[in-house]
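Visitor: What follows is each chain in one-letter form.
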Amino acid sequence: MKEKFDIITSSCIPLPLENVDTDQIIPARFLKATDKKGFGDNLFRDWRYDKDGNPKPDFVLNDPSYSGIILVAGKNFGSGSSREHAAWAIAGYGFRVVISSFFADIHKNNELNNFVLPVVITESFLQELFQSIENDHQTQVKVDLPNQTVTNLSTGKSEHFDINGYKKHCLMNGLDDVDFLVQNRQKVEEYENK
Amino acid sequence: MNTLFDKIWDTHVVQTIEDGPTQLYIDRLYCHEVTSPQAFEGLRQRGLKVFRPGQVYCMPDHNIQTHDQDKPVEDPIGRKQIDTLDKNCDEFGVTEFKMNTKENGIIHVVGPETGLSLPGMTIVCGDSHTSTHGAMGAVAFGIGTSEVEMVLASQCILQQKPKSMRISINGKLGKGVTAKDVALFLMSQLTTSGATGYFVEYAGEVVRDMSMEGRLTLCNLSIEMGARGGFVAPDEKTFEYIKGRKYAPKGEAWDKALAYWKTLRSGDDAVFDKELSYNADEIQPRITYGTNPGMGIAIDGSVPTLADIEENEQASFMKSLNYMGFAPGEKLLGHKIDYVFLGACTNGRIEDFRAFTSIVKGQKKADDVVAWLVPGSWEVAAQIKAEGLDQILKEAGFAIRQPGCSACLAMNDDKVPAGLYSVSTSNRNFEGRQGPGSRTILASPLVAAAAAISGKITDPRTFL
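Protein chains in written order, with our numbering: chain A, 1 to 194; chain B, 1 to 464.
Treat the hints as calculated values from the structure; they're not laboratory data. If you're wondering where the values come from, they're calculated on a predicted model, not measured in any experiment. Cβ atoms here follow ideal geometry from the backbone N, Cα and C, with glycine treated the same way. Honestly, I wouldn't trust all of these hints.
Stretch-level coverage of chain A by chain B, calculated; a stretch enters the list once three of its residues show a Cβ under 8 Å from a Cβ in chain B [as the list claims (entries may be wrong)]:
hint	segment
1	35-49
2	52-58
3	63-76
4	176-187
Heads up, simulated DSBU-like pairs for lysine-lysine below, C-alpha to C-alpha not over 30 Å straight-line [said to hold, decoys possible]:
hint	chain 1	residue 1	chain 2	residue 2
5	A	K4	B	K161
6	B	K49	A	K51
7	A	K2	B	K87
8	A	K32	B	K364
9	A	K37	B	K49
10	A	K194	B	K415
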């Protein structure tokens with residue numbers, strides 16, 4: 001999971017729905033694993049497959065004209081349950097970036113902790129991006145973490161995105177928060193003794 | 001500035017990373033079987049022990065069957081998660097309230113009722129409804145599994161400090177209007193993202209008048225407005241509730257704790273990043289009509305029409321209504337329902353059972369309704385018996401099941417079949433939440449009770 005992050009250029013999978021909750025990303029009945037593997041197979045399970053397990057042809061992940069490692073979703077992506085399984089499903093499917101105009105807090109942290117980059121853009125840029133992808137399913141988007149920019153290569157439009165310096169450093173160097181916290185146990189003991 | 005949230009948060013800061021998050025000290029970590037196995041496994045892979053095992057309490061709740069708990073869980077995968085939690089707690093020396101023991105129940109019911117969740121604490125759990133514990137005057141919030149691993153490894157978490165919001169509700173709630181209706185009202189006002197990025201302090205006359213159970217319901221649903229958490233400043237009611245509970249401080253420790261807890265309030269000069277204010281008159285018994293908790297109406301209201309919905313949002317709105325089998329503009333009062341669920345971390349407490357019983361007493365359950373009444377913990381189950389509520393419910397045709405998360409999220413046997421309608425006191429009406437294809441209408445225990453005896457969506461005030 002600790003895949004270092006730099007610049008990613010890819011076509012996108014569009015999901016122009018709002019308030020996509022983590023129960024849709026991965027339904028509760030698939031949360032029973034005790035490891036982090038295999039969740040990608042059940043990403044968007046009930047939108048992607050019918051009750052007999054056959055792919056639903058009208059769902060975007062089953063449409064071969066779309067591909068890529070960037071998911072573009074409507075506002076308030078990842079609301080609801082805190083299940084990190086949703087981030088494991090997104091990462092497990094192969095996505096490295098999720099672009100939306102708004103993310104739910106817990107899910108956003110979960111993505112970051114799994115080296116999936118949540119990129120927040122303006123609603124107007126998001127709508128333009130959906131339009132570009134609809135016009136050309138292979139529209140390329142460049143996500144440049146070092147410079148914190150995201151660019152729609154079909155229109156040339158670009159936006160800056162925010163990420164704190166600490167997390168950016170972690171993503172670019174494959175470091176996680178547990179490493180940091182364990183190194184800082186001394187500080188915790190000092191705090192406890194205050 | 002100078003809000004209660006600031007006070008509790010600032011007291012727990014170990015360090016602030018330059019251009020980064022805060023390292024926040026956590027007083028209490030709760031774990032259940034679904035979101036903790038990978039965290040314990042992470043420790044094992046790193047060769048670490050649990051840093052402060054005395055501050056961690058675990059209990060299985062999601063996969064537990066709500067009948068025959070003396071037998072193992074039938075589903076082998078669910079059983080493996082419970083077994084894994086047992087093993088992890090043994091191996092890492094962490095306290096566990098095991099399945100089918102008298103301290104077991106839903107974490108968010110057990111924490112407050114055992115006196116483990118206390119004012120001024122920071123409390124986390126790999127579960128978004130951890131905000132429930134905010135009712136005790138604590139800063140409590142849900143986290144992911146990587147973050148559970150952080151707390152197990154260091155008793156700390158890295159977090160950006162959320163902004164603060166105060167929601168005041170003044171006046172007196174009308175007859176038949178409960179804490180659940182207040183929460184459902186707030187969600188429909190704020191939408192499921194209106195409080196994202198904020199920590200909410202609930203205040204005003206309505207909140208002060210609310211029982212501890214009511215406050216637990218209100219705080220439980222903070223996440224459904226997107227909030228990181230929500231809490232109520234502790235008061236005499238809080239202290240009275242905590243006093244004498246098993247893990248609450250005793251003797252001198254109690255006096256010392258109480259003196260500190262009494263200082264826990266926002267200053268008169270407190271400045272919040274956002275302040276909202278509502279009046280109790282605006283709030284009626286409520287139900288949801290859609291597939292997120294913000295899609296709610298007064299029980300006698302109508303589903304919005306397309307004209308009420310922004311153009312960008314119409315596709316999501318219609319997808320939701322098609323799933324629910326409702327039409328724009330439809331009135332839902334009198335709509336036939338199939339299932340009723342009383343329980344969950346939202347409404348599985350004694351007061352919820354009292355409220356439900358108050359409506360069905362002397363009545364009969366509708367023949368074609370399946371009703372699941374599931375106490376939030378064995379403690380609640382015992383109290384239901386002690387008060388004789390089980391007898392009244394039995395006479396009305398209802399049976400009480402054994403404690404667990406039950407039909408809240410379709411991880412155990414209690415699932416609502418596809419296409420059928422469930423009036424549920426739980427917290428989420430997402431697509432498939434109570435089983436693939438299930439249609440959930442969120443409501444209070446009073447609305448659930450009225451539906452259970454009439455077989456349709458009914459205004460509970462007609463029974464009061």
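Visitor: Could you run down the list of hints and mark each one as holding or not?
Guide: Now for the hints, and whether the structure bears them out:
Restraint check on the segment 35-49 of chain A versus chain B: 3 residues with Cβ-Cβ distances below 8 Å, three needed, restraint holds. Counting residues of the segment 52-58 of chain A whose beta-carbon sits less than 8 Å from any beta-carbon of chain B gives 0, not enough to reach three: the coverage restraint is violated. Evaluation of the coverage hint for the segment 63-76 of chain A: fulfilled, as 3 residues show C-beta separations to chain B shorter than 8 Å, against a requirement of three. Here the segment 176-187 of chain A counts 9 residues with a CB under 8 Å from a CB of chain B, which clears the bar of 3, and the coverage holds.
Restraint check for A/K4 and B/K161: satisfied, since their Cα atoms lie roughly 26 Å apart, inside the 30 Å limit. The suggested pairing of B/K49 with A/K51 is violated, with an alpha-carbon distance near 43 Å, which exceeds 30 Å. With a CA separation close to 27 Å, the supplied pair A/K2 and B/K87 stays within the 30 Å bound. Using a Cα cut-off of 30 Å, the hinted pair A/K32 and B/K364 is violated, with the two alpha carbons roughly 38 Å apart.
Taking the CA atoms of A/K37 and B/K49, the gap is about 24 Å. The hint holds against a cut of 30 Å. A distance of roughly 50 Å separates the Cα atoms of A/K194 and B/K415; the hinted pair therefore is violated under the 30 Å criterion.
Taken one by one, the earlier hints fail for this structure at numbers 2, 6, 8, 10, listed in ascending order.
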